[in-house]
Amino acid sequence: MNEKIIDVQNLADRAREFRETGKKLVFTNGCFDLLHVGHVRYLADARAWGDVLAVGVNGDESVRTLKGANRPINSEHDRAEVLAALASVDLVTVFPDVRVTRLLATVRPDVYVKGGDYTPETLNPEERAILDEIGAEIRIIPFQPGYSTSRIIGQLRPARP
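Mind the numbering: the sequence shown is residues 3 to 163 in this note's numbering, read in order.
Please note: incorrect hints may appear among the correct ones.
[Said to hold, decoys possible] Here are the simulated DMTMM-like pairs of lysine to aspartate or glutamate, each with C-alpha atoms no more than 20 Å apart in a straight line:
| id | residue 1 | residue 2 |
| --- | --- | --- |
| 1 | 6 | 80 |
| 2 | 69 | 80 |
| 3 | 26 | 62 |
| 4 | 25 | 15 |
| 5 | 25 | 112 |
| 6 | 26 | 99 |
| 7 | 69 | 15 |
| 8 | 25 | 99 |
| 9 | 25 | 53 |
| 10 | 26 | 80 |
| 11 | 26 | 134 |
| 12 | 26 | 92 |
| 13 | 6 | 53 |
| 14 | 26 | 63 |
| 15 | 6 | 19 |
| 16 | 26 | 47 |
| 17 | 69 | 99 |
| 18 | 69 | 53 |
| 19 | 6 | 119 |
| 20 | 6 | 92 |
| 21 | 25 | 80 |
| 22 | 26 | 139 |
[As the list claims (entries may be wrong)] Pair ranges (Cβ atoms, derived):
| id | residue 1 | residue 2 | range |
| --- | --- | --- | --- |
| 23 | 118 | 22 | 28 to 36 Å |
| 24 | 121 | 67 | 31 to 39 Å |
| 25 | 119 | 22 | 32 to 40 Å |
| 26 | 39 | 128 | 17 to 25 Å |
| 27 | 80 | 131 | 30 to 38 Å |
| 28 | 123 | 4 | 34 to 42 Å |
| 29 | 70 | 22 | 36 to 44 Å |
| 30 | 4 | 124 | 12 to 20 Å |
| 31 | 22 | 72 | 38 to 46 Å |
Since the hints were made in silico from the structure, they are not lab data.
From the three backbone atoms N, C-alpha and C, an ideal C-beta is built for every residue, glycine too.
All chains, full assembly: derive it from the sequences and hints.
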């Protein structure tokens, strides 16, 4: 197992250590089902907002809830390992919930990053409330046009006559 992949409690402990030593923890999350260049660019941009980048990966059941019965393509363990292999990613944790609210409350990142398909106003209200409560900065990274896991999956499916 990759040493960058840790459980939620370990991530919370590490986050506390980072705060105590003046390091800024950046956090983002998602399904990351089929990693593509849009994800790679997004994660590199996210990493630039602080000293450490932690990524929360939706567990398999939550991906099915969010994306449908045929997803995820790759297991949560495989998705975590691929993310952990990226130089821009310092830590990875898998979380079981559909929403990242509990994880945010536990880890308490300094900066929360989402892609340009979100705005601060369109974030889940419970997630936004936790971010406001812990004083996390919210950064929206511009969307990478032309890159989409759903589009890639659609291209892989055979055309119907």
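Verification of the supplied hints:
| no. | hint | result |
| --- | --- | --- |
| 1 | 6 x 80 | holds (13 Å) |
| 2 | 69 x 80 | holds (17 Å) |
| 3 | 26 x 62 | violated (29 Å) |
| 4 | 25 x 15 | holds (13 Å) |
| 5 | 25 x 112 | holds (9 Å) |
| 6 | 26 x 99 | violated (25 Å) |
| 7 | 69 x 15 | violated (31 Å) |
| 8 | 25 x 99 | violated (27 Å) |
| 9 | 25 x 53 | holds (6 Å) |
| 10 | 26 x 80 | violated (27 Å) |
| 11 | 26 x 134 | holds (17 Å) |
| 12 | 26 x 92 | holds (12 Å) |
| 13 | 6 x 53 | holds (15 Å) |
| 14 | 26 x 63 | violated (31 Å) |
| 15 | 6 x 19 | holds (16 Å) |
| 16 | 26 x 47 | holds (15 Å) |
| 17 | 69 x 99 | holds (13 Å) |
| 18 | 69 x 53 | violated (32 Å) |
| 19 | 6 x 119 | violated (27 Å) |
| 20 | 6 x 92 | holds (6 Å) |
| 21 | 25 x 80 | violated (29 Å) |
| 22 | 26 x 139 | holds (11 Å) |
| 23 | 118 x 22: 28 to 36 Å | holds (33 Å) |
| 24 | 121 x 67: 31 to 39 Å | violated (23 Å) |
| 25 | 119 x 22: 32 to 40 Å | holds (34 Å) |
| 26 | 39 x 128: 17 to 25 Å | violated (31 Å) |
| 27 | 80 x 131: 30 to 38 Å | holds (33 Å) |
| 28 | 123 x 4: 34 to 42 Å | holds (36 Å) |
| 29 | 70 x 22: 36 to 44 Å | holds (42 Å) |
| 30 | 4 x 124: 12 to 20 Å | violated (33 Å) |
| 31 | 22 x 72: 38 to 46 Å | holds (44 Å) |
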